[in-house]
Amino acid sequence: MHHSSRSIALVSLFAALIAVFGLIPKIDLPLGVPITLQTLGVMLAGCLLGPKRALQALMLFLAAVALGLPLLSGGRGGLGVFFAPASGYLIGWPVGAFVTGLVMAMLPTASPRSAAISAFIASAVGGLLVVHAFGVVGLVHIANLTWEQAIMGTLVFVPGDLIKCALCATVVHTVARGLPDWRFGG
Amino acid sequence: MGSLYSEQHTWLHAVPAYVKLLCLALLGTGLFFTDQLHMLFIASACCIGVFLSLRKAATKTKPFLVGLVIACALIAAFHIYMRHPTLAAITVMRLISTSLMGLALTLTTRYSDLLHVFERLLSPLKHIGISSEQLALQIALMLRFTEHFFVLWRRLDEAHKLRTGRSGGFKILAPLTIQMLIAARRVADALHLRLRR
Chain Y
45 MHHSSRSIAL
55 VSLFAALIAV
65 FGLIPKIDLP
75 LGVPITLQTL
85 GVMLAGCLLG
95 PKRALQALML
105 FLAAVALGLP
115 LLSGGRGGLG
125 VFFAPASGYL
135 IGWPVGAFVT
145 GLVMAMLPTA
155 SPRSAAISAF
165 IASAVGGLLV
175 VHAFGVVGLV
185 HIANLTWEQA
195 IMGTLVFVPG
205 DLIKCALCAT
215 VVHTVARGLP
225 DWRFGG
Chain U
122 MGSLYSEQHT
132 WLHAVPAYVK
142 LLCLALLGTG
152 LFFTDQLHML
162 FIASACCIGV
172 FLSLRKAATK
182 TKPFLVGLVI
192 ACALIAAFHI
202 YMRHPTLAAI
212 TVMRLISTSL
222 MGLALTLTTR
232 YSDLLHVFER
242 LLSPLKHIGI
252 SSEQLALQIA
262 LMLRFTEHFF
272 VLWRRLDEAH
282 KLRTGRSGGF
292 KILAPLTIQM
302 LIAARRVADA
312 LHLRLRR
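From first to last, the protein sequence lines are chains Y and U. Everything in the first sequence is counted per our numbering, starting at 45 for the first residue and increasing by one. Everything in the second sequence is counted per our numbering, starting at 122 for the first residue and increasing by one.
Errors might be hidden in some of the hints.
In silico negatives: residues of chain Y with every beta carbon more than 10 Å from chain U [to be verified]:
id: 1; residue: I135
id: 2; residue: S155
id: 3; residue: V169
id: 4; residue: I195
id: 5; residue: W226
What the simulated footprint calls covered on chain U by chain Y, stretch by stretch (three residues with Cβ under 8 Å from a Cβ of chain Y suffice, anywhere in the stretch; the number is not a length) [stated by the list, open to error]:
id: 6; segment: 129 to 137
id: 7; segment: 165 to 172
id: 8; segment: 179 to 192
id: 9; segment: 209 to 216
id: 10; segment: 259 to 269
id: 11; segment: 279 to 287
If we take Cβ atoms under 7 Å as the criterion, some of the chain Y residues that face chain U in the derived model are [said to hold, decoys possible]:
id: 12; residue: L61
id: 13; residue: A63
id: 14; residue: L111
id: 15; residue: M196
id: 16; residue: V200
id: 17; residue: L211
id: 18; residue: G222
Treat the hints as calculated values from the structure; they're not laboratory data. Backbone N, C-alpha and C fix where the C-beta goes; we use that ideal spot for every residue, glycine too.
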């Protein structure tokens with residue numbers, strides 16, 4: 045299979061999967077904690093596609109949002125969402141996916157178990173730390189909060205995102221068992 | 122997959138997409154660099170005026186407007202609580218102006234017109250191997266498969282409900298992802314045959 049066709053297909057279909065994650069209603073975890081899935085899509089993109097394709101998938105997704113398609117959770121879309129207080133998180137998605145992919149590519153993925161552990165670490169670094177760092181910058185510049193206030197504000201979402209890292213690891217584990225020839229991290 | 126574009130014709134529909142995008146870019150940049158209350162007040166009043174002039178076309182943005190009002194109220198309450206009322210006013214006026222203009226552009230500009238502008242903007246990137254035609258193809262593929270994967274998710278959820286009596290929740294994420302990866306391989310094969318690359 046040629047590299048270019050494969051890249052186009054993977055990038056487009058993964059962007060579609062992230063869009064579907066926005067259409068799926070929030071999921072209640074066993075302890076009754078509700079989560080939405082699009083940031084999980086950021087983590088999964090990095091783990092499954094590698095840095096370059098993950099970056100492209102998220103850029104494509106955000107381009108479609110900017111074009112006015114209601115693909116964000118709650119049916120949001122259009123250029124207005126890039127001026128909202130939480131827009132830093134959105135802009136952080138492609139970078140977060142890229143970093144997740146980079147970290148995943150550096151970690152062992154030979155067995156389903158090692159792939160899952162690597163996915164947890166990679167998604168915690170890229171999907172959590174990097175995305176929240178961008179989110180904080182957005183809160184400081186758009187909502188005019190101080191750095192301390194923005195960091196305190198974003199910390200509220202960290203426990204939920206840690207659960208998403210664990211979910212991402214679970215999905216990667218299942219993919220490693222279901223598709224043994226899949227190359228994690230690109 | 123529907124767009125947020127409104128078929129209800131308004132005066133802003135007649136303005137070319139690139140002009141609206143340029144105005145939005147200039148407005149966003151200008152508002153970011155000014156802290157002067159009177160300038161921000163004039164800008165907000167103009168933006169609210171433009172948005173209200175869209176009349177019925179703007180009604181489909183009600184959920185977004187509710188979210189915007191809540192965000193503004195929270196930010197304003199926070200800054201006032203911290204005894205920074207001027208900062209509250211500056212932030213809220215910036216937020217209202219840029220969000221309403223972004224929304225107005227989305228409501229009055231066809232997806233295809235915006236895509237055309239983006240293609241033109243991206244055309245210089247051809248020299249470093251990024252093709253604007255590829256962007257259009259990828260967006261088309263993405264939209265086609267968003268619907269497909271959503272149907273697939275509902276089928277998986279219903280199958281899980283039949284087996285267990287409960288919604289699949291996070292348990293169907295892995296099968297959905299695997300189905301997506303398998304579909305991507307099939308699509309890549311088809312693209313390779315069609316595009317010869």
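- Query: Do three or more residues from the segment 179 to 192 of chain U put their C-beta atoms closer than 8 Å to C-beta atoms of chain Y?
  - Reply: holds (count 5)
- Message: Interface hint check: V200/Y, Cβ to nearest Cβ on chain U, cutoff 7 Å. Holds or violated?
- Response: Hint on V200/Y: violated, closest Cβ of chain U at ~13 Å, above 7 Å.
- Message: Quick check for students: does the CB of I195/Y sit more than 10 Å from each CB in chain U?
- Response: Given that every Cβ of chain U is farther than 10 Å from that of I195/Y, nearest at about 14 Å, it holds.
- Task: Establish whether the coverage given for the segment 209 to 216 of chain U by chain Y is satisfied; the threshold is a Cβ-Cβ distance below 8 Å, and no fewer than three residues must meet it.
- Result: holds (count 4)
- Beyond 10 Å from every Cβ of chain U: is that where the Cβ of I135/Y lies? The claim holds: I135/Y sits with its nearest Cβ about 13 Å from chain U, beyond 10 Å.
- Query: Was the hint right that G222/Y lines chain U, CB cutoff 7 Å?
  - Reply: holds (5 Å)
- Are at least 3 residues of the segment 165 to 172 of chain U within less than 8 Å of chain Y when you compare beta carbons? Violated - the segment 165 to 172 of chain U has 0 residues with a Cβ nearer than 8 Å to chain Y, which falls short of three.
- Under the criterion of a CB-CB separation shorter than 7 Å, is A63/Y in contact with chain U as hinted? holds (4 Å)
- Message: If we take the beta carbon of W226/Y, is the closest beta carbon in chain U still more than 10 Å away?
- Response: violated (7 Å)
- Under 7 Å, Cβ to Cβ, is where L211/Y needs to be relative to chain U, so tell me if that hint holds or is violated. holds (6 Å)
- Message: Does L111/Y hold up as a contact with chain U if the rule is Cβ-Cβ below 7 Å?
- Response: For L111/Y, the interface hint holds, since the closest Cβ of chain U sits about 5 Å away, which is under 7 Å.
- V169/Y and chain U, when compared Cβ to Cβ, separated by more than 10 Å: About 20 Å separates V169/Y from the closest Cβ of chain U, which puts it past 10 Å; holds.
When each numbered hint is compared with the structure, violations occur for hints 5, 6, 7, 11, 15 and 16.
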